[in-house]
Each structure stands twice: as C-alpha cells, then as structure tokens.
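Asker: Protein sequences appear in the order of chains A and V. The first sequence runs contiguously to residue 318 in the numbering used here. The second sequence runs contiguously to residue 318 in the numbering used here.
Quick caveat, the hints were computed from the structure, so don't treat them as lab data. Everything hinted at is true.
Any copy, or any two copies together, can satisfy a pair, since identical chains are not distinguished.
Computed cross-link-like contacts, EDC-like style, restricted to lysine to aspartate or glutamate with a CA-CA straight-line distance of at most 16 Å: (1) K241 with D172; (2) K162 with E62; (3) K22 with E108; (4) K22 with E120; (5) K162 with D70; (6) K123 with D73; (7) K241 with D173; (8) K22 with E112; (9) K241 with E178; (10) K162 with E178; (11) K140 with D269; (12) K140 with D268.
There are 2 protein chains.
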Amino acid sequence: MSFPVASAHRSGEETLIARYFKPLATDPSAFDLADDAAILRAVGEDAVAATDVVVTTDAVVEGVHFLAHDPPDTIARKALRVNLSDLAAKGAAPAGFVLTLALRDAGEVWLEPFALALGEDAKAFGCPPAGKMVRRSGAKPGDRLVVTGTIGDAALGLDILKGGPLATALVDDATGKEMLIARYRVPQPRNALATAVCDHASAAMDVSDGLAGDLAKLCAASGVSAAIDLSSIPVSTTGRKLLASGAVSIEAIISGGDDYEILCAISDDCYERFAHEAMQAGIAVATIGTVIAGTASPRFIDVQGRELSLQRRSYSHF
Amino acid sequence: MSFPVASAHRSGEETLIARYFKPLATDPSAFDLADDAAILRAVGEDAVAATDVVVTTDAVVEGVHFLAHDPPDTIARKALRVNLSDLAAKGAAPAGFVLTLALRDAGEVWLEPFALALGEDAKAFGCPPAGKMVRRSGAKPGDRLVVTGTIGDAALGLDILKGGPLATALVDDATGKEMLIARYRVPQPRNALATAVCDHASAAMDVSDGLAGDLAKLCAASGVSAAIDLSSIPVSTTGRKLLASGAVSIEAIISGGDDYEILCAISDDCYERFAHEAMQAGIAVATIGTVIAGTASPRFIDVQGRELSLQRRSYSHF
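Build out the structure end to end from the sequences listed, making use of the hints.
Answerer: Below you can see the structure in the form of structure tokens.
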C-alpha cells in the first residue's frame with residue numbers, strides 16, 4: 001500500500017496550524033486550535049446557553065480526498081459526510097449546511113448527480129441546506145434605495161492590475177491608482193452599520209457582483225422594480241476624473257464587481273434615523289433611487305432623463 | 001475596461017444555484033437560496049429565539065477574487081472582509097470565523113504575512129477565530145478507548161482505486177473490493193451516536209487521518225498516553241483476509257486515512273450505558289485499549305506482547 005503523502009507523527013497540516021494560525025486564537029473562548037470543530041455563540045448570548053452552535057468546515061479536495069474520476073454523486077456524499085462525522089464526534093446534531101463549490105469546469109452531466117446525491121444525503125442525515133435569510137426580500141414601492149461608500153473603484157483597480165487601459169489614463173496619478181488597487185485588494189466591509197441595517201432596512205445585501213446586477217437580485221427577491229438616478233450614484237474623486245475624461249463609462253462603474261458596499265431599501269419613515277446612525281458610524285450613505293412596483297428590470301436614468309441600456313449587469317464568477 | 005467573465009442579467013452562478021441547488025432547499029426554514037447568508041438555529045432551540053446565528057461562506061479563489069501575484073496579506077484581509085461584508089448587509093455582528101485553506105504550495109514567505117494580516121483584521125473587526133471545542137481534551141488515565149465500526153477499509157479502497165497491489169490480491173473478490181471502495185468514497189458518519197458521545201465520552205474525535213495519528217492527537221490534547229491492544233482493533237472481514245494473507249500490514253490499517261469512525265475515551269462508570277445506547281443506535285463499538293498517564297506516544301501492543309514500531313502514524317493532507 002502507498003499513501004500520497006506520509007509523515008512521521010506530526011503532519012504538515014498540524015505543523016502549519018500550530019505555527020501560523022494558533023497564535024491568532026487569542027480570544028479567551030478559543031482554547032486552542034487542536035480540534036476539528038468550533039463553538040460559535042451568538043453575540044450577546046448568555047455564557048451558559050443551553051445550546052451551543054457547533055461549526056465545522058472540512059474541505060474536500062480533488063487528489064486529496066477524492067480522485068479526479070470518482071463519480072460526482074459519491075463526491076457530494078463524501079463532502080457532506082466528512083463534516084457530519086466531525087459533528088457526530090462532538091456529540092452535536094446537524095442543524096444545516098452551507099456549500100461552497102469551486103469548479104474548474106462542470107456541466108450538467110456532473111452537476112446533476114452531484115446535487116441529487118447531496119439532497120438525498122441531506123435528507124437522510126436530517127441536515128437541510130441552511131434556511132436562507134429573507135432580509136433581501138422586504139423592499140416595498142416607495143422605499144429609498146441607499147448605498148454606502150463609493151461604487152466602481154474595485155473594478156477600476158482590477159483593470160489597472162491586469163494592465164488595462166486605465167493604467168495609462170492614470171499614469172500621473174499614483175495616489176489615485178493606489179487607492180483603486182487597494183479597493184480591489186482590501187475591501188472595507190461596513191460592519192459598523194450592521195445594527196442600523198438590522199433596525200431600519202426593509203431589504204439589504206452587499207454589492208459584490210456589481211451594483212446593477214445586485215440591485216436586480218434584490219428587486220427580484222422582493223418582487224419589485226426600481227428607478228435609479230445615475231447622477232446620484234456615489235463615485236470616488238478618481239472615478240469621477242476617469243468618467244469625465246471618457247476613460248471609463250458609467251456602465252463599467254455600475255457593473256463592476258468587488259465593491260463590498262451595502263445596498264439597502266429603507267422606507268421614508270425610517271430614513272432619518274438610519275442616516276443619523278450612519279453618520280455616527282462614520283459611514284457615508286447616498287440615496288440613489290426609489291423602489292417602484294412591477295417586475296421589470298431596474299431602470300438607470302441619466303441627467304437628461306434618458307434610460308441607460310445595459311449590455312451586462314453583473315460580474316460573474318462562472 | 002474588461003471583465004474576466006461577463007454575462008447579461010443572470011450570471012452563470014445564479015443559474016447554477018437555481019437549477020441544481022434550489023430544489024434541495026426543501027426544509028420549511030429554507031425560504032429560498034436567493035441570499036448570501038443563512039440562519040442556523042441550534043437544534044431544539046425555540047423558534048422565537050432572541051438571537052439567530054447567521055452563517056456566511058464566500059470562497060475567495062485565485063484568478064476570480066484575487067490575482068496570483070497579489071500580496072498574501074491583502075488576500076487574507078479580502079477573504080475575511082468579503083464575508084464580514086455579507087454579515088454587515090444582514091445586520092449581523094461577527095461572532096467568529098473558521099478558515100479553510102487549499103494551497104497548491106505555500107512556504108513561510110507566503111504563510112507568515114497571510115496569517116499575520118488575518119489576525120490583525122480579525123482583531124480589528126472583532127471577529128476572533130472561533131473558540132475550539134475542548135471535548136477532545138478530557139481523556140483520563142483508566143478511561144477505555146473505544147472506536148466505532150471498522151478501521152482501515154477506506155485506505156485499502158483508495159489503494160485499489162489507484163491500481164495498487166490490493167487489486168490483484170482481491171482479484172476473485174469483487175464484493176470485498178466494492179465494499180472497500182465504497183468505504184473510501186462514501187463514509188458512514190456516526191451521527192446516530194452523537195447524543196451518547198455527548199453524554200458519556202470524556203474525549204472524542206473522528207478518525208479521519210488514521211487511527212494511530214488521530215489517537216496521538218487526542219492523547220496530546222488531554223495530556224495523557226495510551227496502550228492499544230492491536231488484536232482488539234475492529235477490522236472488516238475483507239481487511240482480515242488481506243492481513244492474514246500478508247497483502248496488508250497492521251501498520252497500513254492503523255495509519256490509513258478516511259475512516260470517519262469515532263474514537264472516544266469513556267470512563268468505566270459510563271461505559272455500560274454508552275455501549276447500550278450504541279447498540280440501540282445499531283452502531284458497533286469496540287474497546288481497543290486504555291488511557292494511561294504520561295506524555296509518551298500511544299503504544300500499540302500485539303498478541304505476543306510486543307510493541308509495534310510505527311514508521312508513520314497518520315495520513316497527511318500537506
């Protein structure tokens with residue numbers, strides 16, 4: 001018998017965890033990183049809560065945990081079961097799972113049996129795909145549409161990193177270039193606004209795949225449409241410079257990915273308190289349009305009242 | 001500007017989710033799969049719990065979310081922040097995170113800044129690595145060491161799949177071969193034993209990287225050693241046949257990976273009830289040895305009383 005990688009006593013995985021990641025576990029509740037599962041406790045929850053939430057995340061990787069030509073249905077079952085096994089060893093009952101798939105390429109012939117087997121095993125082990133949040137789906141006609149920060153910078157930064165035409169357009173603006181690249185590489189999540197979103201927004205999501213596409217998703221989930229005033233979309237100084245010179249189109253700004261700003265719908269009644277709390281949190285928010293009735297795709301209107309015709313609405317990872 | 005992949009209106013990712021994975025979300029609490037985060041509720045918890053646990057899992061993939069030559073520190077920050085952004089949009093405060101790393105290869109030059117930046121951001125956003133379970137660390141001298149099911153089958157199955165010598169040894173035993181392959185491809189997690197483990201075990205883990213190596217981890221976490229009776233380790237009929245013919249060594253059986261059985265330490269006082277509950281759950285359990293004081297590596301003793309000298313103790317993923 002042979003094993004792909006063999007080592008004596010302490011494996012490379014353990015050494016790696018001990019050297020690099022154990023030092024991060026400074027939280028009093030993080031006893032060590034010597035276990036396969038973690039306890040998550042909801043913020044504000046009592047220290048002696050009757051029920052802990054146990055979380056486990058075992059990746060199943062081709063060439064390591066399965067072979068390239070293993071049947072897709074057994075890969076699905078193994079992915080779920082190795083994690084169920086961790087829960088069982090911790091004496092925890094499964095409450096649900098989330099799935100992350102990274103595929104080199106995969107068509108129907110692979111995905112269909114994969115998904116079918118995953119569903120069968122999820123049912124067999126009483127472990128449903130976790131109930132999805134509905135907070136995206138409460139937008140009502142008349143609500144304001146609000147975004148945080150500025151839109152489009154990260155996509156411009158990616159263009160520069162890939163040696164696209166913007167590098168030339170910004171040849172004399174090192175600061176602007178660096179800002180755009182930093183926006184791509186190091187997003188600024190708006191966690192300081194979480195409570196205000198929770199308390200006041202009727203629907204919310206983060207803008208990660210482009211404002212236009214993500215707005216369409218939010219509207220679809222709520223069964224509404226939207227009218228957006230293009231001139232109200234917050235764009236950084238560097239972004240405005242590139243728009244003014246024609247180096248970049250507004251379509252590129254609103255369809256580029258990686259913004260990680262919050263898009264939310266807020267009723268007029270709630271808006272004043274929301275804006276106040278955002279100001280206190282030091283996060284800029286801008287009203288960019290209005291939720292309207294109907295199921296049409298959201299419309300983007302320029303200062304002349306013309307509707308923008310969008311070739312693409314979002315950045316796709318597949 | 002150019003984008004790696006662009007599509008109109010509905011992205012490939014959305015289509016894939018809608019076609020293959022939305023049909024799995026049949027649980028009443030799984031409203032749909034149209035959102036970026038999920039609510040997990042602890043089993044048995046009140047439906048009107050004051051605090052929901054929101055779970056999000058956004059993978060950050062080279063060539064999709066970052067470029068191959070991006071600095072490791074910004075990749076770490078982005079990996080954490082895109083998930084924090086999802087939480088912020090849901091109005092949820094971060095309680096902790098778990099990390100799954102799949103590396104083609106990575107040395108100190110890459111890992112050190114990656115881990116450092118991850119730790120800095122975790123602190124900055126109040127999002128500690130999740131507190132690790134301590135249930136591995138309560139084994140006491142005198143406790144029995146118990147495993148479920150049979151050990152070694154999956155590693156034998158992997159050898160067959162890779163065209164190793166066992167395929168020849170089992171040329172006339174199609175049923176045995178199929179059983180071993182199935183054990184590698186489709187583990188049988190012991191979730192029916194979770195309550196018994198929770199109620200009676202002083203330490204427990206699942207055996208995923210080989211019994212010998214995983215036992216060493218359990219002992220190290222508890223600050224104890226162990227003496228194992230090799231003849232008590234449960235081996236399948238096919239495994240015993242291969243051992244008897246000399247096609248396989250006991251070292252291969254106890255150092256092979258992918259068993260996904262439970263290994264636990266149980267005091268004599270608790271054992272009878274544990275064994276009874278395991279029987280009711282229809283899961284075979286076997287006592288394979290005893291926890292002893294000290295910090296020496298666990299010892300494996302054969303029927304002649306000789307100690308096995310192990311060249312390797314575990315299967316390593318790195």
